[in-house]
Amino acid sequence: MKQKPGKLGIREYAAIAILMVGSKATEDTPAFLYTGSQNAAWMVPILSAVVFFVPLFLLIKTISLFQGKNLFSVIQQLLGKYIGFLVCLVIFIISSLGISYDSRTYIDIIKAFYFNSTPHLVLYAILMAICTYGAKKGIQHIGSVSYLIVFYTLLSGYFIFIISFQDSNFQAILPIWGSGIPRIFKESIHRLPLFADFFLLTMLIPYLKSSKEFRKGTWIAYSYVTIHISTAILMFIVLFDRSSGAIGYPFHTLIRYISLGNYIPNVEIIFFVIWIMGAFIRFTAFLYVNALMFGYMFKIKDFEYLIPSLAAIYLMIGIIPESSMDVSHDLKPMVQSAAGPAFAAISLMVWIAALLKGEFKHAKNKSGL
Amino acid sequence: MGKSILKTLVKVLNTKPHFNEQSNQERMELKAQDISTNYEQNLENFKQIFSIPKNVDVKVREFTIRALNRHAFIIYLNTMTDIELIQKSILMPLIENEHAAGKIQDIVSFPVEKTITNIGDITENITSGITALIVDGDHQCYVFETSKVQGRSIEKSDNEVIVRGAKEAFNEKLADNMGLIRKKIKNENLIFEHFIVSKRSRNDVMLVYEKDLINHETLHSLKDKLKAIEVDSVLDLSLLEQYLEERPRSLFPTILNTERPDRAVSFIEEGHIVILMSNSPNCLVLPATFWSLFHSPEDHYLRVPYGNFIRILRLVALFISMFSSSFYIAITNYHVGMIPPDLLMAIAGARERVPFPSIIEILMMEIAFELIREAGLRVPSPIGPTIGIVGALILGQAAVQANVISPIVIIVIALSGLSSFIISDTSLNFAIRLSRFLFIFAAGFIGIYGFGALIVLGLFYLTSLKSFGVPYFAPMTPHFFSSKDLIIRHVPMKERFRPGYLKPKDMVKQRKE
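Respectively, the protein sequence lines represent chains A and B.
Take 1 as the starting number for the first sequence in my numbering and just add one per residue.
Take 370 as the starting number for the second sequence in my numbering and just add one per residue.
Among the hints, erroneous ones may be present.
To be verified - Going by beta-carbon spacing under 8 Å, a handful of chain A positions derived as facing chain B:
#1 Ile110
#2 Pro265
#3 Asn266
#4 Phe272
What the hints assert, rightly or not - Dumping the calculated SDA-like pairs for lysine to any residue here, alpha-carbon to alpha-carbon at most 25 Å:
#5 A:Lys111 <-> B:Ser833
#6 A:Lys209 <-> B:Lys853
#7 A:Lys137 <-> B:Leu823
#8 A:Lys301 <-> B:Phe850
#9 A:Lys136 <-> B:Gly838
#10 A:Lys111 <-> B:Leu823
#11 A:Lys137 <-> B:Tyr830
#12 B:Lys872 <-> A:Pro308
#13 A:Lys137 <-> B:Leu375
#14 A:Lys137 <-> B:Phe621
#15 A:Lys111 <-> B:Ile700
#16 A:Lys111 <-> B:Pro726
#17 A:Lys137 <-> B:Gly827
#18 A:Lys7 <-> B:Glu586
#19 A:Lys7 <-> B:Leu375
#20 A:Lys137 <-> B:Gly819
#21 B:Lys835 <-> A:Phe303
#22 B:Lys416 <-> B:Gln456
#23 A:Lys136 <-> B:Gly827
#24 B:Lys872 <-> A:Gly358
#25 A:Lys216 <-> B:Leu823
#26 A:Lys137 <-> B:Glu614
#27 A:Lys137 <-> B:Ser833
#28 A:Lys7 <-> B:Lys376
#29 A:Lys7 <-> B:Ser833
#30 A:Lys209 <-> B:Val723
#31 A:Lys209 <-> B:Met876
#32 A:Lys216 <-> B:Glu562
#33 A:Lys136 <-> B:Leu823
#34 B:Lys853 <-> A:Phe151
#35 A:Lys137 <-> B:Lys592
#36 B:Lys835 <-> A:Lys111
#37 B:Lys376 <-> A:Pro308
#38 A:Lys7 <-> B:Gly827
#39 B:Lys400 <-> B:Lys376
Quick caveat, the hints were computed from the structure, so don't treat them as lab data.
Nothing here was measured: the structure is a model prediction, and the numbers come from that model.
The C-beta atom is built at its ideal place from N, Cα and C for all residues, glycine as well.
Build the full structure now, drawing on both the sequences and the hints.
Given below as structure tokens:
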């Protein structure tokens, strides 16, 4: 029996978005935020969210003018064939590098904390193989799986939060402005790529039931994730205080640190399983979105067949750096500093183009008729 | 293009042997004809078709209808019919009635089922236990519904045992099974639709549904599937299940097979389709989701807290039976730090003299457990308990004493084995027992990372499963409107909606006045 591909529900979409962005609190991002703005680091995600809200809002507003079109087709329609293609290519390259280095970070974490003697390549190959399998199943199934596990992931997060309380020192959030207000603002602008995934997720609009659902899902996930990341960073700050800057992956240090009473001293494996499941989902969705972009740019209709080769390429890019330091101190910041401004600029550009072309007026006229 | 090349290559390499069928053109032509008015020729035809007198249980009785003063014969299978009934209500009136009457219907006291003329149709009817009467000079044949099949009576359900609720189970007689369903739904919208699958043995299949509830698309796709089955015979419902499933090689079942009429009825009331088949003491429910396989009817018969308690217990059992042995391997081989130091010492001490790696230990015990289980199932019931004692006590105890297995492994395996019995659905039970081995290998290969990877892989696979267009985890994800009877059930008053994934004609079960 031929199966009709279903649509992505708002729950599943929000679950993907939460897992994709929320997992940033569990890698090296908090450490960077701390080095930037010290114990006021928890404010940075909130401010970044406020700043990034503007371009994202405009972008979604613009895209919703074009019923059932995704980001790339809107860009190409508004900016013309050649410039549009160039812009799409830039987005694709940034997100490709993003997935490569992000996944490499995860592999570094796994290797450093849990599997010290396993070669990178084995861990990486398993990650990519699972992601390829999942991405080939299609976005509906990725959504379903994320919805199935998102609650357990979040619950485990809260659980960690609660048991880490007993050793926390709440005075560590003082001085409240950390390294100073101007610094925080600068850092917030700098950390826009925290939410860059939302920009990429606009590729999924045609798979949702309506653009209204997409908007609703995005804002739910957006506001939740902001609070989530901010709380997580606060949790790290009050627990580790000044040593936060020296800890590369605070989440993993934290789950090693906490214990369930005296009898069970180490519970990190349980949280590791849940975390790694979230990570699989994150890169599966990421991989799918990238394949979607590639397929759209080069007019490949059955882009699902591209997924294995793309995964192999990302694996090869990700495996190049020698050490985890290269990745988190040189390569990732480079990609991120390109991603944040670029995505924000593209969003604004698209909106301005739509404004100049009078698309908003057209839409109003259409709805008026 | 690559695929087509591969296909031709496979075709060239894989040549199936060809068999020449012996032609039975003559018989086919004979069956296509109508009966003639010539008595002798009719008799000859039927004797030839049924190989009389070689065929022992086909009876032909020739006599004269006194009222009409004409020759006639009846033909029936004495193993499938009620002979006393034939004697009393067909033969006696025909032979003894002297009053002149115009029609056969006026002579016999037995209600005439129908009259047919085609020889093939008559033959089909006779094979299913109907008595055919052929009168000299008459161009039609009278058939009487006299079938009476031997079989067991309605008994208690053996495989799906529950404490509270109806105890009766389906048996092998189609009529009984239909009665069991009919007596629970007293509504004219309940339809029993007869269907014949397979060409040669023409097995009866009964589609049961409520006409004002079900989604016609599902029904049509099911009918198309049934029509597409081109085999000589489908002997049992369990075989039919395999013909109907979308992925017959999949580990996880997508059709529910139950022997409890009350369970079948509850599904019919929700808008599912139930398939009954003659000679099968169970029924198929479709579409089936993970939840319908996972639930037990007792969840609803018990009061809400108790029902939810056993449901959560079952969920825990599912996780334990699936993950406990692989988790043990992952922990002891890769993440020793997780075990509390005292316990670690104890485990290490017990394992000190065991020569095998823990994965071998676990595999040995898992296989031993499956052996005991299978043996316990197959032995004649008088020696059944003995096997259990031999298996559990002697094997476990002796293995530990001989330093082949460490005692903690026995605990792990016993726990996972015991938990696997709680999943009552046979197919889901097998699925979990088999996937347990996959998890053991994954955990043995790369510890908890492989374990986590396999969970995600499995979830991807499961969400992509579909049963007649219904996703496996519906209505949880993708979301459909339903009464949210998933992991936790609510009070019956709140379960007001039929599952939305079935797209029933009437969503609301009970309307508030």
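Status of each hint after checking the structure:
no.: 1; hint: Ile110; result: holds (6 Å)
no.: 2; hint: Pro265; result: holds (7 Å)
no.: 3; hint: Asn266; result: holds (5 Å)
no.: 4; hint: Phe272; result: holds (6 Å)
no.: 5; hint: A:Lys111 <-> B:Ser833; result: violated (31 Å)
no.: 6; hint: A:Lys209 <-> B:Lys853; result: holds (22 Å)
no.: 7; hint: A:Lys137 <-> B:Leu823; result: holds (15 Å)
no.: 8; hint: A:Lys301 <-> B:Phe850; result: violated (33 Å)
no.: 9; hint: A:Lys136 <-> B:Gly838; result: holds (19 Å)
no.: 10; hint: A:Lys111 <-> B:Leu823; result: holds (19 Å)
no.: 11; hint: A:Lys137 <-> B:Tyr830; result: holds (8 Å)
no.: 12; hint: B:Lys872 <-> A:Pro308; result: violated (36 Å)
no.: 13; hint: A:Lys137 <-> B:Leu375; result: holds (23 Å)
no.: 14; hint: A:Lys137 <-> B:Phe621; result: holds (17 Å)
no.: 15; hint: A:Lys111 <-> B:Ile700; result: holds (17 Å)
no.: 16; hint: A:Lys111 <-> B:Pro726; result: holds (24 Å)
no.: 17; hint: A:Lys137 <-> B:Gly827; result: holds (12 Å)
no.: 18; hint: A:Lys7 <-> B:Glu586; result: holds (19 Å)
no.: 19; hint: A:Lys7 <-> B:Leu375; result: violated (33 Å)
no.: 20; hint: A:Lys137 <-> B:Gly819; result: holds (20 Å)
no.: 21; hint: B:Lys835 <-> A:Phe303; result: holds (23 Å)
no.: 22; hint: B:Lys416 <-> B:Gln456; result: holds (21 Å)
no.: 23; hint: A:Lys136 <-> B:Gly827; result: holds (14 Å)
no.: 24; hint: B:Lys872 <-> A:Gly358; result: violated (43 Å)
no.: 25; hint: A:Lys216 <-> B:Leu823; result: violated (33 Å)
no.: 26; hint: A:Lys137 <-> B:Glu614; result: holds (20 Å)
no.: 27; hint: A:Lys137 <-> B:Ser833; result: holds (7 Å)
no.: 28; hint: A:Lys7 <-> B:Lys376; result: violated (33 Å)
no.: 29; hint: A:Lys7 <-> B:Ser833; result: holds (13 Å)
no.: 30; hint: A:Lys209 <-> B:Val723; result: violated (59 Å)
no.: 31; hint: A:Lys209 <-> B:Met876; result: holds (21 Å)
no.: 32; hint: A:Lys216 <-> B:Glu562; result: violated (46 Å)
no.: 33; hint: A:Lys136 <-> B:Leu823; result: holds (16 Å)
no.: 34; hint: B:Lys853 <-> A:Phe151; result: holds (17 Å)
no.: 35; hint: A:Lys137 <-> B:Lys592; result: violated (28 Å)
no.: 36; hint: B:Lys835 <-> A:Lys111; result: violated (37 Å)
no.: 37; hint: B:Lys376 <-> A:Pro308; result: holds (23 Å)
no.: 38; hint: A:Lys7 <-> B:Gly827; result: holds (21 Å)
no.: 39; hint: B:Lys400 <-> B:Lys376; result: violated (40 Å)
The structure fails hints 5, 8, 12, 19, 24, 25, 28, 30, 32, 35, 36, 39 (numbered hints given earlier, in ascending order).
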